[in-house]
Amino acid sequence: MTDEYSGAVKEAAGRIRATIPANLVEKFQKASGIKISDFISCTPAPSGEVCAVDGSNVMLLESGSLALAVVRAAQTTFVDMERSRRSVTPMTFVIIGPGEENQDFPVLYADCFGHPPGKPLKNEDITRAAGILRDTVEYWVTETMAKALGTGALLLRDGPLRVSHESHNPVLTRIALTCKERGIGLAGISKRSAATWGGGHPLLPAVFGFAQVHAIKAPWWFRVDPAILDHAAFPQWQHGEMYVSCLHPRSKRPLKIELLAGTRNANEIMDRLAGCSADGRIPGYPYPLLDAHRTVVLTEEIVEQVRGDLLGRLAEAGIDRQTYEILFGDYHDEFARY
Amino acid sequence: MMNLRDTETTDNAKYRLIGRSVLSYRFIAPHSETLYIGDIKKIVDKTKGATFFAKITDLSHDSNFADPKWDTRAYTGQFYGLGEDVFITVDAVPLGFVDSKGKFHKARTIPSKFSTVEDPAAEDFRFLTGQMGEIEVGLMRSGQDVIKDVAVRIPAKVLPQHMGIFATTGMGKSNFMKTFCASCMKVQKFGLLIVDPHGEYVSGGKSSTGDPTKGLVHYTNGKDGLAIFTIRSEADRKKYAMNRLWLEYDDFRISDLSILHDLSAPQYDIVEAFSRASGSEIIRFFEDVDPEIFPIKDAAAFGIKEGSPAWLIRNSMGGPVRVIKRQIENLTKGNAAFFRQKGSAIPEIIKNLHENRVVLIDIPDMGERSELFVLSVITRMIMDRHRSEARGFGIDEKQEASHQVLITIEEAQRVLASGGSSTQIFRECAMEGRKFGVGLCVITQQPKNVDAKVLAQINTFVVMGLGDRGDREIIMGSAKQDLSKMEIEIQTLDRGEAIISTIGIPFPVSTRIHRYEDYIATLNAESKKNIREGLKSNFS
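Going down the list, the protein sequences come from chains A and B. If you read the first sequence in my numbering, its first letter stands for residue 1469, the second for the next number, and so on. If you read the second sequence in my numbering, its first letter stands for residue 136, the second for the next number, and so on.
Next comes chain B alone, as it looks inside the complex (with noise of 0.2 Å):
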């Protein structure tokens, strides 16, 4: 007897496996449906027994019709039977795949013909979980969607290889800064130091968008892992247990100033030659000095001793020791505020950050000259501080520093650019620190304009939205992952979205950052730890 058999009751040519590559998944899906770039999509292998992952890069319509004009046929607007013949072709990057062992593997093998496309749950990403670090900073993206459950957590142990954060402004920028630090105060496996000229770090202000943000000191149940250094007022730093900032003349190196000021070179001449002297003596030299006898032909009859601040910049003109003299009386009296014949806070900073605080230098309506003094002072400290532990390990002992530390440069582009050696001291830091614990978090609004090779030593990205096409392929061209196939997510990524590709997690993650406030609400309406855990309750 003849039959008639029912086709397609289900339409199973969609969400199946159609790509051609080991890096480069393809399928489709209804034209109706509504999908977005960054979703993650899970490839099932039945044949395999393995669960591969993939990120939608590219969204297109395609059809089944030979006619390639069909849709820009101008007659009518009217089309029947779209359902099948008419699709969206998705384009997908893997991230990897976890075997039926459960074990995370990179793509490197392909998913069988025709497997299935389905949504993953939060479950399936329970691999995850191990791989991620300990720096939560906000959930994992699909798409427009989190994927709840899925914190994404920045592992401390690759922090001193270097962070960068690469966004515009309004990005989420700060948001992203400050959650970062809440989740550094709560764990406290490194110390990180940042600089704030704003005042906004302690306790809020307004965001670029005019909304009100809370501060650090507003995270209550992480005071023990923040230390603050501040000039405020004396009220103001009872009321939030701040300390007060201060620099000696001998913290400062004559070399600071070539990070502050562009010198000639009969000025950088000067610099020079007093690269071995102390801050104090450096500072004393300049008050008294009288540039007018420069250059000093006879030394004798000046009674200048051999050896004498005066007689290492005998041969120098009048006009550069007049000019470094100015600046360093502009750098004592602009930072009067901080800066001091004796008594340094910069021993009782350090300390913090080896004991893993978050270390805030809050200097608020101090310019940024100010800023980059602190902090090119600060950073050599601890450099020369770091370098001096690395050489007391004996030939056995592990070479490993006992001591991370994390160094955070706002606007890095202003002394990370590519060919300037004023800024010696953070290059050094970006080339050579991760030996000494030391790491620099970058943030800038420039990547291009940051030097290749500092962009180089960063291994952990943390890309929040770039417009600059040229920005975004210095990014993808350092990361360590491949970042080129998420060039479209980039673009498109809004205010508090982030990819964070870190060698630590197996993939380029997309984040949602957690919005500050929502997030130490959330920690601190956590248990407290009792104060008296780790007592003893008895006599015996």
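Extracted from the complex, chain A is given alone in its bound form (with noise of 0.2 Å):
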């Protein structure tokens, strides 16, 4: 290991530590005035009739100046602990590229919406461009569950409940309306959050960190006070509040949860979230999430398949083995062999 090296690794580890100083919790309660009063102890409930909502995205083909991906999404709803029905959309195909806009949102908007999208979507972001057309469908599924389910229900989907896109913002508007005219608790869950305060330290570790440092047993939720975060991007598309919550005794990581604002039954959101949330292979974790990414995940043989089949098709189009390298070869995979 040269000198040059070693001081590298330990730079990029000195610049994470910075982030998360050994001090955090103690930083953390100064800076946000937390208490151990702020954390709400939760009571596992029967969860009743909770529906999940899961979107997949990946990418098939890309060349230098266009990308072929398929998106779908899925839903899988439970009664306490049996699941009544699990549905999902067809793989969808789209085109990300050539051109600056792209020319498949439209089109699967309006599928979806039944009229085109306020604003076009761009293709310089090919990942980004992916994961907003998933998010239509995924979009759509949410809102039609929203009208489906029974009054009562807890509608929970995988991400924030924050827009990418400004034309998903009548959507989720227009979901969330849905849901309080509906009685349905809808829940945003997110594994990760970008969220920092103090000036980029991040938010979920010191929330953590806090419960551990003063012994307060899972399950717990607490609700994040917007001011002590650092900032927040396009608060217009915002639709939630903030939560950081631990689910169950044996949780390894705590979750973000985001509530419509305005919900006034938290407490009981999250005693039916701890309900179904002591799956014994991810304790903490809702399991009609997992479930629902069990059945919406684009698996590896799943996307071989689809390739072979797409390979064919290509060859049927004409379209030969050396023209097909050419376009969507991938000098990485010869690399590889190597």
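Don't read these hints as lab results, they were simulated from the structure. Any given hint could turn out to be false.
Think about it this way: if two alpha-carbon atoms lie no more than 25 Å apart in a straight line, the pair counts; the simulated BS3-like pairs of lysine-lysine are [as the list claims (entries may be wrong)]:
(1) A:1659 / B:204
(2) B:204 / A:1720
(3) A:1685 / A:1498
Predicted model only: the values in this text are computed from it and were never measured.
Now that you have both chains on their own, put them together as the hints suggest.
See the structure below:
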């Protein structure tokens, strides 16, 4: 190991350490004024009807000028511990590029919501564009389920209650309205959070560390005061209020949970979430979301099959292997052989 | 318009064939399903138009989760969504298949992938009815249940090729034998000889579990198929129409001693010397002889003629002669209840056997030596008779025995253990009896102590639960059908259950043996043959 390399590793670790100092909890307590009494204990309750929605996208082919992705979304609904319904959207192929604006976004959006999007989707960031195309079907499933679930149900979304594209804002607004009208609890559950405080300290380790230092026994939840956070991008697209929660005594990490602004029954929702987060495989994570993920995920096997089908059709369409290689071939595949 | 399709309203991943080879089937079942080792399943192959049958040989828990330790992570006992992803993997062994024309074949092909696995109904086994034989012993079993209307019947024609009954104590061996006897009495396809030193076959007694049992005489509808030879009192004999058992001295051969006693080499020399002498001659000689005169240096001085019994053993020492004398005295005195100078029931016994009756030799309280003595004498005489009948066939005549007799040997390891030459008659019977229509019904708790060469001659195996692994391995290695994948089932057989493997039935059949008392109650309830049947009813 050279001194130069060793120094680079040390510096990288040091920069991360700077965001999570040894006295993180102490600093957080001082900066936020957090108290033990801010942590509310959960009593796991029968979860009743819980629906979880998740989406998946995979890049099938990428060339310099365009990329072909496949997207789909799924929902799975449980009544207490029994799954009552599970459904999935068809696999939808979307092309990102060529050109500045995405051609498939308005088609997909109109297909889902019956009208064109308010704002076009840029192709410049392929990964982001694929994510927004996936969000489109995911929001459609969420809206569909908000209309279909029974009163008092919980509707869980994998991710925040904040849109990443302006065109989705009216959709999420409609979903929030429908849920409020129908007495459905809407929760956006994130495994990670970009939220920071005090100029770059991550929120989740600070809250979890505080609970550990003060021996606060899980399950618990904590409502985050937006004032303690560094900043919020596009606050106009934010529909939820932020909570941090640890839903099981054996949970290894906390979750960021967003509930609709003005939610009055946060306590009840958290109790029900804790009630469906005792699955032995991933304690502390609401099982319906795991099930939605397992339903929707485009596994390697699926992707291989789709890619094979696609190759067949490209050959039928007259694109020979050499042209295909020129377009979509990746030298990294060749490199990997050596 | 975007749409949302429901998935898995019914989980079709379960109960469909996913096995990979001709000899090993596999499918999965819901984790909550109750399945048993030995359950028979039907695999419907719609592509080939065939129905395959398979027997469950193993059950194991399995899941679709990538984490192999998902179920041992100790955080909580609660798991959601076990329905699809956690299941029971079922391994099954093929039994064979029925083609679109209803013909049964051995499993030489493989069902199409994802053929459905179903529970068979009684009519699915219709093909078996034609292949089953005549001697009913029970009902076909599938796991814990019996398949009603599918009676297990052993083919009579394979029984001269010997039958083995293997069971530890308390597994229902006696019940099986009595049920077997009742069926033999009913169909009368061959003669069956049983020597019973405990007196339990005649009128019952108590089972090894202490329950009262009935005997063969209680099967009144089948009494025509039964002949009992007994040493019981006349009053008892009259009550159940039993015959008096007698063996005469000439029925005895000196070689019978070797079955009853462990003979030394000098004693065996004496036995060899008298191998051609008649029983009465031997007994008379040893009654009178003074062992102290042996060895005889000068035969003429003692007035011993050349060729006389004493001359034959003139070189023997006094000790061995004394031992043989004592053994013969014990034999005659100890068996005086049925062993006399003149007058034998053996011709009558053989006649009844040849008339396809069950012949029961009932010698209560007589002990093991008496049992073996009677058995060896009768066996030898049956073999002699059948041999001479076979010799009587002309060169162009069909060399097939006209009479079929099955001789039962309880605790067969006593006379069929490996290495013993003293039990020659039973060995001969095992090795060449089937040529003359004489089969052995070998009953033992310890098959591993029976000569492997004898086991190799047995074509019908009735396995009724063997706790000893060595015993199971011997049986699995000797049976004509592959029992190796049924080891767990053999190990878990309950009282009254058996696996029957015979060359007459296409696969090893799990059987619930009829309870004898219930079986004869059914048989007795059947209408009797009209006594006038076959008689002329007019004067024309």
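Hints violated by the structure (numbers, ascending)
none
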